[in-house]
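Enquirer: Sequence:
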Amino acid sequence: GNKIFISAGEHDLTENIIHLVLARLPDAPAGVKGISMFVVPKFLLREDGSVGPRNGLQCTAIEHKMGIKASATCAMSFDGATGWLVGEAHKGLRAMFTMMNTERLSVGIQGLGVAETAYQNAVAYARDRIQGRSLTGIKAEDKQADPIMVHPDVRRMLLTMRAYIEGCRALAGWVARELEILAKSGDNDAKQAADDFASLMTPIVKAMFTDLGFEIASLAVQTYGGHGYIRDHGIEQYVRDARISMLYEGTNGIQALDLVGRKLPQDGGRLLTRFLDPVLEFIEAHEGNAALAPFLPPLQQAIEHVQIATGFIMENAMSNHDEIGAASVDYLRLFGLAALAFVWARMVAIAAPKADSEDAQFYRAKVQTAKFFMERLLPQTGALLAAIQSGSATMMEFEDAAF
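If you use my numbering, the sequence shown corresponds to residues 967 to 1369, in order.
Note that these hints are calculated values from the structure, not bench results.
Keep in mind it's a predicted model, so treat the numbers as computed, not measured.
Among the clues, some could well be false.
Taking lysine to any residue and the SDA-like style, the derived pairs with C-alpha atoms no more than 25 Å apart in a straight line are [said to hold, decoys possible]: (1) Lys-1320 / Glu-1247; (2) Lys-1157 / Pro-1263; (3) Lys-1109 / Gly-1191; (4) Lys-969 / Ile-983; (5) Lys-1109 / Ala-1092; (6) Lys-1337 / Arg-1228; (7) Lys-1157 / Met-1062.
Taking CB as the label site, the calculated pair distances span [to be verified]: (8) His-1199 / Asp-978: 30 to 38 Å; (9) Ala-1367 / Glu-1069: 36 to 44 Å; (10) Ala-1326 / Ala-1090: 19 to 27 Å; (11) Gln-1327 / Gln-1232: 25 to 33 Å; (12) Glu-1281 / Ile-1220: 17 to 25 Å; (13) Gln-1327 / Thr-1217: 35 to 43 Å; (14) Glu-1250 / Gly-1219: 30 to 38 Å; (15) His-1193 / Leu-979: 30 to 38 Å.
All C-beta atoms, glycine included, are put in the ideal place defined by N, C-alpha and C.
Start from the sequences, fold in the hints, and give me the full structure.
Expert: Below you can see the structure in the form of structure tokens.
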């Protein structure tokens, strides 16, 4: 058989390459219930453990790609290859999804990493590049022009990048904490709660983080202007490299379907409560906190938008499954924005009391960035809710021949 899009499917950096391959045993049941997993090495091993003859597989092509060009993306052909069964027969798909869920979280962090380095470069360029004068008067009297960082639109782009990145990093930390509980806790109830939360958040981390990684890389190019489009600064490479993260390990549209079609209804909505319960408890616990007064109402509204959207989808999907597909991408972004609003509110609760500490600038910046997020980015949830509630008709009633 053949496999495509295999990262590092062939190279000479190691003595051997181990492929995990899904295949069927001769007596396998039909369908996905008959798929098993096998270890198929590039080279077979001799009895003494040394590298032996070549196995029956080879690379037939290397893809020419938009980005990640340092990674050899291979087409592989298997013909008479020897493999060894991994785990139980006919349980290969389950084993693969264990790996896939881990990889989806990793790819989300990849998107966040690209976003961070794009942002750091954009900030450095905005400090150094001079062009025009501030709309409110000259800021750099000793220079022929002001740094572009003084211009409102440049600051909008930089703060958009920063607000998304720091929010995503905090959300990733929350997910990582739950994964640690899942791996090491002796409390079965705590492990179940952690597993539920990580399962719910996996498609959000994968899809939203990588969507934002690409968007932020594009904003970095915009910050550079024409110099971002040419290769001299390397910024355009971030855009090319970030794009794949929205595709591999399950496209982001598939992640959204997983969230809405599988995770939301699972066990009567239990997974959703793992997110909503701590948010609602936080809001109730901080109602009298003056520092959080500007932040709790927009957070509460975003959570209400999630609840309304969830109810709309669950109610309408029972009579029309297309409602799930029509709403899923918008719902994932809506949910993700609400999750970012919560972690930003939590950060404010920590940072606000430390505004006069020796790290005052750091903590003040946290509060200011949170304010930008709540006022300039979080309002998207209202538009997303309206789009979700418009239903699937405008998509599905459009005539195929008219495309």
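Enquirer: Now tell me, hint by hint, if it's right for this structure.
Expert: Here is what the structure says about each hint:
1. About 23 Å separates the Cα atoms of Lys-1320 and Glu-1247, which keeps this hinted pair within 25 Å; it holds.
2. A distance of roughly 32 Å separates the Cα atoms of Lys-1157 and Pro-1263; the hinted pair therefore is violated under the 25 Å criterion.
3. Between Lys-1109 and Gly-1191 the alpha-carbon distance is near 20 Å, which keeps this suggested pair within the 25 Å criterion.
4. At most 25 Å may separate the alpha-carbon atoms for a hinted pair to count; Lys-969 and Ile-983 meet this at roughly 15 Å.
5. In summary, the hint linking Lys-1109 to Ala-1092 is supported, as the alpha carbons are separated by about 15 Å, within the 25 Å threshold.
6. With a CA separation close to 34 Å, the supplied pair Lys-1337 and Arg-1228 exceeds the 25 Å bound.
7. The suggested pairing of Lys-1157 with Met-1062 holds, with an alpha-carbon distance near 22 Å, which does not exceed 25 Å.
8. Taking 30 to 38 Å as the suggested C-beta distance range, the pair His-1199 and Asp-978 conforms, at roughly 33 Å.
9. A hinted range of 36 to 44 Å for the beta carbons of Ala-1367 and Glu-1069 is consistent with their spacing of about 39 Å.
10. Taking 19 to 27 Å as the suggested C-beta distance range, the pair Ala-1326 and Ala-1090 conforms, at roughly 23 Å.
11. At about 44 Å, the CB distance of Gln-1327 to Gln-1232 disagrees with the hint of 25 to 33 Å.
12. About 24 Å separates the C-beta atoms of Glu-1281 and Ile-1220, a value consistent with the hinted range of 17 to 25 Å.
13. Checked against the hint of 35 to 43 Å, the C-beta distance between Gln-1327 and Thr-1217 comes to roughly 41 Å, which is consistent with it.
14. One distance hint, 30 to 38 Å for the beta-carbon pair Glu-1250 and Gly-1219, holds here, with the actual separation near 36 Å.
15. For the pair His-1193 and Leu-979, the supplied restraint of 30 to 38 Å holds, since their beta-carbon distance comes to about 35 Å.
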